[in-house]
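Chemist: Chains A and B are the protein sequences, given in the same order. Reading the first sequence from the start, the letters are residues 301 to 739 in the working numbering. Reading the second sequence from the start, the letters are residues -10 to 226 in the working numbering.
Hints listed in this document are in silico derivations from the structure and should not be mistaken for laboratory results. The model shown is predicted, which means the values in this text are computed figures rather than measured ones. Take the hints with a grain of salt, since some may be wrong.
As the list claims (entries may be wrong) - In silico PhoX-like pairs for lysine-lysine, Cα to Cα no more than 25 Å straight-line:
#, chain 1, residue 1, chain 2, residue 2
1, A, Lys325, A, Lys417
2, A, Lys676, B, Lys185
3, B, Lys209, A, Lys628
4, A, Lys557, A, Lys709
5, B, Lys129, B, Lys37
6, B, Lys185, B, Lys197
7, B, Lys201, A, Lys557
8, A, Lys456, A, Lys507
9, B, Lys64, A, Lys586
10, A, Lys601, B, Lys197
11, A, Lys586, B, Lys209
12, B, Lys185, A, Lys628
13, A, Lys501, A, Lys491
14, A, Lys670, A, Lys601
15, A, Lys677, B, Lys53
16, A, Lys595, A, Lys693
17, A, Lys456, B, Lys129
18, B, Lys53, A, Lys586
19, A, Lys533, A, Lys453
20, B, Lys201, A, Lys568
21, A, Lys601, B, Lys201
22, A, Lys676, B, Lys129
23, A, Lys586, B, Lys185
24, B, Lys129, A, Lys677
25, A, Lys557, A, Lys410
26, B, Lys129, B, Lys65
27, A, Lys595, B, Lys209
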Amino acid sequence: MSDYIQNPKYSCALGAQQSVVAIPKGIPIVHAGPGCSIKIAGFLGRGQGYAGGNTIPCTNANSEDVVFGGTKKLDKLIESTFKVLDGDIFVVLTGCTSDIIGDDVASVVKEYQDAGKPIVYAETGGFKGNNYTSHSLIVNSIIDQYVDKFYEKREKIKGLVNVFASVPDQDPYWEGNLEELKRILEGIGLKANVLFGAKSKGVEEWKTIPDAQFNLVVSSWPGLEIAQHLEEKYNTPYFQFPYFPVGGEQTTEFLNKVVQFTGIESKKAYVFIQSEEDRFYAHLEKMADFILEFKYGLPRKYYVALDASYAIGLSKFLLNELGILPGKVFITDNTPEQFREAISEEFRNISDYRSVDVEFETDGGIVLDKIRADEKKSRVIILGTAWESSYAKEINADFLIVGVPLTYKLVLNSTYVGYNGGLHIIEEIYNGVLSSYRV
Amino acid sequence: MCATLGSYLGAALEQLYGVTEIKFAPAYGVRGTDIWMRELGRVLDREKEVELIIERRHAEIAPKLEEYRSRLSGKKAYVSAGAAFGHALIALLNDLGMDVQGASIYHHDAFYDNKDDDSDALANTVELYGDIPKYHVCNKQTFEIVNILNRLDVDILIARHPGIVVWGAKLGIPTFIMDDEQYAFGYQGIINYAEKILDTLESIEFTKNIQKHARMPYTKWWLEQRSDTFLGGKANV
């Protein structure tokens, strides 16, 4: 167990800043040292969007603030932010210094909350975790300190579900993924709050969170805390599908389980699911000629180095629907111990014909060493991040960037989830292969 | 040399210029390669050297061949290929201990360009390895091939031409296309093929998934007919 991490694939807890930026007209106010916020925006983000990146107000806490406390500075910053920036929800996030010295951020923020300002806070000192864990923290904070103010005990809105899936920017395809999830959930007859991104209606949508009939967690573990909290607070039952479903088989399984859990009218739902399957498999059926007949070499084995939510679905998809065999799979999200067994079980049952011994390894350098040491008799494909790029090039492997750091890819709203995600991945993998033969 | 496509040139070169044509089927399979090598030795007057090569190569491939034979023993194969290639491939599969359930061969040549009976590859194969069950002449007519495969219990389909492989997958049969004729040639070719077959049998998930979700355009009526239904009066199957 090394005492440093090579090739980091997630950020410190302050990375939840990007989740705030992902809320339409959401603005983080960062109480941290100089540079933290912008470095996070650089590693995870892809442009400032509404008010991210350079525009994020920050206290730039320095040694004086450490010695004398930074709350006065923060107070002034918040006051000025309200004057200068037009936002619907402001989230004060603390960095390492503030959390170490114990600045009483709560009382600073409370004054503004009492005055009716849409502002909340969360203690996201970097060392407290990573952005997978702090994402849940800030969502729960917004619910507790803002959404709850508008809550009245009333009847739940029938068929309304809150979706907790991608961690914005930590998942580079989060926009497209949430779009696809919303599309298919609404296709079976539900109404979906995705809460983040272009398909969300911002704070007006957040205000309906307690009124949802169900919560859906589509992830191996990030976001589970939110659903559990909502169950405690508003008695909303939740269903968890433990990974991002990719392609025909998995997405159908996901939707069937959601139909069962929510008890919505099933005939209409199954008509939608059947039509999506028919479409997906019409394409895969046509692809089969290419996969079976292409004479110059297609990837035969894959290596995956991704977070659990991606790793499970993609590994199953590549094996069961594209016939690419599993080499080694690494889970790189520092999965909390209590979730590891269930994830390992998914891999033990990866198909009817074989098992995979998944490894939990956060150090990207060790991951590369292990992939390097593995025997490769044929063409391989690596699913990972920009960190794996030069190794992939070295061994002429096919390569798909699925996680951060992104670097060599531009992603708008394309998706790797659902029926559309399955089709998209097929195009990306085989276009990559074909372009390697281009003269 | 592919006897189908090269036989005319070979016959012409011999008839007009006296260039000897090796009239045996190409060197596929252990016994096939032995025979071909010995004929080559005879023609080139290098019989002793050839025997040494044969002995050496036998020894070299023995360990892998043994392992592959045990893993492939009894596996049922169906072949769809051209005449020369198909016959040779059947020979090779028999060498691997596999059970050839049948073959759809693209054409049957009763008459050879060099007018020599030794070139009757089919006869050679049958003589060496025994009769081939369900030998079917059909020029890539997938409706006939699907009709046949639908009834047979087959572990692997080996097809020579594009456009056939996907039908194996749709029926849930692991299939590959053998597009490179050199791949099966000689002693190394046997090993190549064994590995390719084992590789194909391994990716079973893909095949079963296609079978589960693919659509079959053939009518129920057609699949119940004899495969030679449309061959007309002169059919002799």
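Chemist: Output the numbers, in ascending order, of every earlier hint that fails for this structure.
Modeler: Of the numbered hints given earlier, those the structure breaks are 3, 4, 5, 9, 17, 18, 22, 24, 25, 27, listed in rising order.
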